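Asker: Protein sequence lines correspond, in order, to chains Z and L. So the first sequence is numbered by this note's numbering: it starts at 1 and just counts up by one. So the second sequence is numbered by this note's numbering: it starts at 1 and just counts up by one.
For the record, the hints were derived by calculation from the structure and aren't laboratory data. What you are looking at is a predicted structure, and each value in this text was computed from that prediction instead of being measured. One or more hints might be untrue.
Unchecked claim - With a straight-line Cα cutoff of 25 angstroms, these simulated SDA-like cross-link-like pairs (lysine to any residue) come out:
(1) K39(L) x D173(Z)
(2) K273(Z) x M1(L)
(3) K79(Z) x D173(Z)
(4) K276(Z) x L2(L)
Said to hold, decoys possible - Computed footprint of chain L on chain Z, listed as stretches where at least three residues anywhere in the stretch have a Cβ under 8 angstroms from a Cβ of chain L:
(5) 158–170
(6) 234–245
(7) 421–433
(8) 528–536
(9) 587–601
Don't be surprised by glycine CBs; every beta carbon is placed ideally from N, CA and C.
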Amino acid sequence: MKRFALAGNPNSGKTTLFNSLTGATAHVGNWPGVTVDKREGTYRKLDEPIYIVDLPGIYSLSPYTPEEVISRNYVLDEKPDCVINIVDATNLERNLYLTTQILEIDVPVVVALNMSDVVRKNGDKIDAKALQEKLGVPVIEISALKQENLDTLMQEAVKASNKARKGSTIIEDKSLLHLISDVQIAFELKGIENPLFHAIKLVEMDELEVKMHPEAVETVNKFKATFKNDTFGSDFEALIADNRYEHIAKNYATAFEKANKGEQKEQLSKSDKIDKVMTHRIWALPLFVVIMFFIFHVTFSEDVLFLNRIFGLEITHEGWINYFTGMGAEFDEVTGELVPLGGIPSLGVWLQSWFGWLTGSLIDWVGSWMPAGQWYTSLVCDGILTGLDAVLSFVPQIMILFLFIAILEDSGYMARVAFILDRAFRKFGLSGKAFIPMLTGFGCSVPAIMATRTLEDEREKNRTIRLMTCFSCGAKAPIWALLAGVGAMAGFAGDIFVFTIYVGGIACAIIFALFMKLFSKDQYVSPFIMELPAYHLPQPRNVGAHLWEKFKHYLIKAGTIIAACTIVIWFLKSFGWEEGKFGLLLFEEANAETGEMEWALHIDNSILAYLGRGLRYFFYPLGPLAGGWTNSTDGWKYVVSTLTGLIAKEDVVATMAELGLEEGTIGLSLAGAYSFAVYNLFTIPCFAAIGATHGEQKGKEFWLTLLWWFAMSYGFALLVYWVGALYEVAWWGGLLVTLALAGAVTAAGIIVSRRHKVALANN
Amino acid sequence: MLKKLDQIEKGETGLVRSVEGDGKVRRRLFDMGVTPGAKVTLRKKAPFGDPIEVTIRGYELSLRKAEAMLVNIEVEDAK
């Protein structure tokens with residue numbers, strides 16, 4: 001099967017073209033070793049099927065970004081039968097810059113001139129024939145969006161792929177050409193493939209090339225000493241880039257003819273008008289806040305537009321409303337009354353409750369067909385299905401959130417978000433784009449971690465992922481609610497407790513980011529030289545393809561790694577030793593209150609319980625005194641609860657209840673409650689989130705993230721507990737330590753901002 | 001008049017004369033079309049005054065002041 005590679009600038013319509021060509025056959029993975037999307041698919045409209053590889057969007061074949069290195073190595077090493085270079089006709093100059101570099105490789109090339117219909121619509125003209133003559137390779141006008149001329153493009157590509165092509169360059173500087181051909185001949189003699197491309201890159205003193213051919217560097221350096229150019233001195237990299245752009249402006253840009261030549265005033269395009277508002281110096285931030293609020297409101301709100309809070313609607317979700325909303329009224333066991341849940345649920349919450357009802361019913365239905373109290377029933381219902389339910393229950397909200405994120409990205413607004421927020425986030429070593437994943441983290445870490453894919457810089461992405469647990473996700477809320485009751489007992493307002501958890505989390509994120517920057521080896525700041533693409537309506541096809549990819553990816557993870565982990569935890573908590581015998585710990589016994597017979601899990605004799613008792617010593621420093629969570633009274637129960645929290649954070653409270661730790665029986669002091677809360681907040685999130693992390697980080701970085709999460713939670717819980725305990729003994733002692741810590745953080749902040757300025761100046 | 005790109009006013013236009021700095025940043029500027037002779041116009045500044053947005057070679061480019069500082073441009077003298 002023939003293999004074609006698709007190369008082009010970001011925002012040139014490459015994704016649209018790829019989706020149009022490959023349709024449902026596309027599949028997405030990662031390039032080996034990095035988490036840059038690798039898309040592949042098959043084109044089937046010709047006699048022979050053609051395999052299409054979508055290279056990452058790039059502006060150049062320089063050696064600096066992983067995207068560029070991947071694309072370059074793919075074309076050089078994997079030798080596709082043809083490179084289809086997609087060029088945005090409305091932005092010819094910059095797009096052809098990449099073309100001039102691809103043409104230097106010995107590979108058949110076909111140029112797909114995209115959006116030529118837009119050019120014509122604007123009344124401008126583009127001469128594809130002239131361009132084809134000058135470039136020396138076929139140029140086909142297409143519209144990726146309207147799927148025009150795609151068959152012609154592919155036929156031309158097949159034709160081109162049948163003939164070998166020698167690389168050619170447009171560099172005009174005579175003495176430079178002389179040097180290039182010297183190096184090229186030397187490479188040819190050595191039998192190196194693509195001698196022209198390698199020769200030019202070596203003359204540019206390209207990092208990768210210098211490493212590969214150290215012996216040839218000598219030739220270049222010798223030549224450099226004799227070379228003199230008025231503008232550039234002996235800076236070949238600048239000279240070559242300049243040569244390319246100059247050649248394009250002189251020879252190719254003439255193929256494009258503007259409708260109204262002359263001194264006519266530049267007209268504001270529709271995109272410019274939108275941008276005037278969206279990135280306005282004053283309105284940009286309020287608008288951004290409104291857009292963000294809208295997205296999160298539609299995804300996570302249980303009370304749309306706060307109608308209930310404002311008007312006291314007291315909707316009970318009974319009867320037909322119940323069927324409509326999927327949210328039954330809550331039954332208060334104490335008073336025996338139906339409690340109104342109030343408010344109209346948002347789309348996200350509505351879908352989630354329906355989805356939850358569906359999966360819950362499925363579990364009940366399966367359970368009703370299987371004999372109660374058997375290990376296999378328990379495995380299927382309590383293990384596999386419940387575990388999958390915990391993971392799948394995120395799906396509706398993930399999909400809605402990603403729908404919005406995909407729209408923001410596809411429309412061009414995401415680049416503006418980075419533009420607006422860069423200054424504020426840069427100080428902490430993060431990108432402006434990190435804001436959206438972080439905010440999403442308050443809803444659910446899983447889509448939040450998946451959304452870090454929009455961060456180009458690996459280091460910033462790693463940092464953002466590691467900070468994610470600082471933002472308390474929705475599933476952790478029941479833990480705070482439970483502990484808030486404990487806080488009230490200790491004479492501390494519950495709402496203040498919960499508030500400090502959320503705000504403290506954000507504060508810690510800032511502190512952690514500061515320290516990550518403080519201790520990072522180099523103070524390198526990734527450049528922010530970025531195209532702001534013209535706004536356009538999001539393409540349903542692109543958005544749909546994007547959503548489908550996320551969905552598939554998540555389901556695969558849920559079905560493999562996450563399911564496996566869930567089953568392990570199920571086994572540990574359901575099996576153990578009772579009366580000297582090892583076995584399933586499900587027993588039918590009378591309920592203490594109602595007297596009815598029911599199945600109960602003796603979790604306190606389980607393997608997990610034994611593990612908890614053992615592991616308690618490991619967690620011992622986090623709360624050994626009276627009122628702490630690791631002391632001898634109930635310590636192992638808390639430890640076990642944090643372990644089951646790996647399945648889903650909701651399980652922390654559920655396990656505590658199973659072990660008899662409820663509002664009346666929790667004997668934590670305030671310091672103990674804070675230590676437990678801090679540990680659960682910062683620690684390794686659920687398996688679903690770990691799965692998402694594994695999708696975004698590879699090898700060492702992934703394990704480092706897990707280690708970081710664990711170390712942070714352990715260290716911070718330790719700190720909080722002992723400072724808190726000190727407050728309980730002597731408040732002034734606690735205050736003193738607090739002030740000392742605040743001083744240390746301020747000092748770190750000052751050092752980081754100084755170094756930041758130095759790093760920027762050095763860049 | 002010779003100026004740095006981070007010092008020009010909104011709406012002001014100039015021609016790129018030279019690009020300082022080294023390694024990745026410099027190469028990236030070249031790749032994005034910021035080469036000597038290119039016409040560049042300051043479109044706007046972000047809400048915090050940094051980064052800035054310029055029009056170059058027919059498209060919109062955003063860059064930080066720290067990076068714009070590396071670009072020397074020749075601005076036509078006000079008449």
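Asker: So which of the earlier hints does this model not fit?
Answerer: Of the numbered hints, 2, 3, 4, 5, 9 do not hold.
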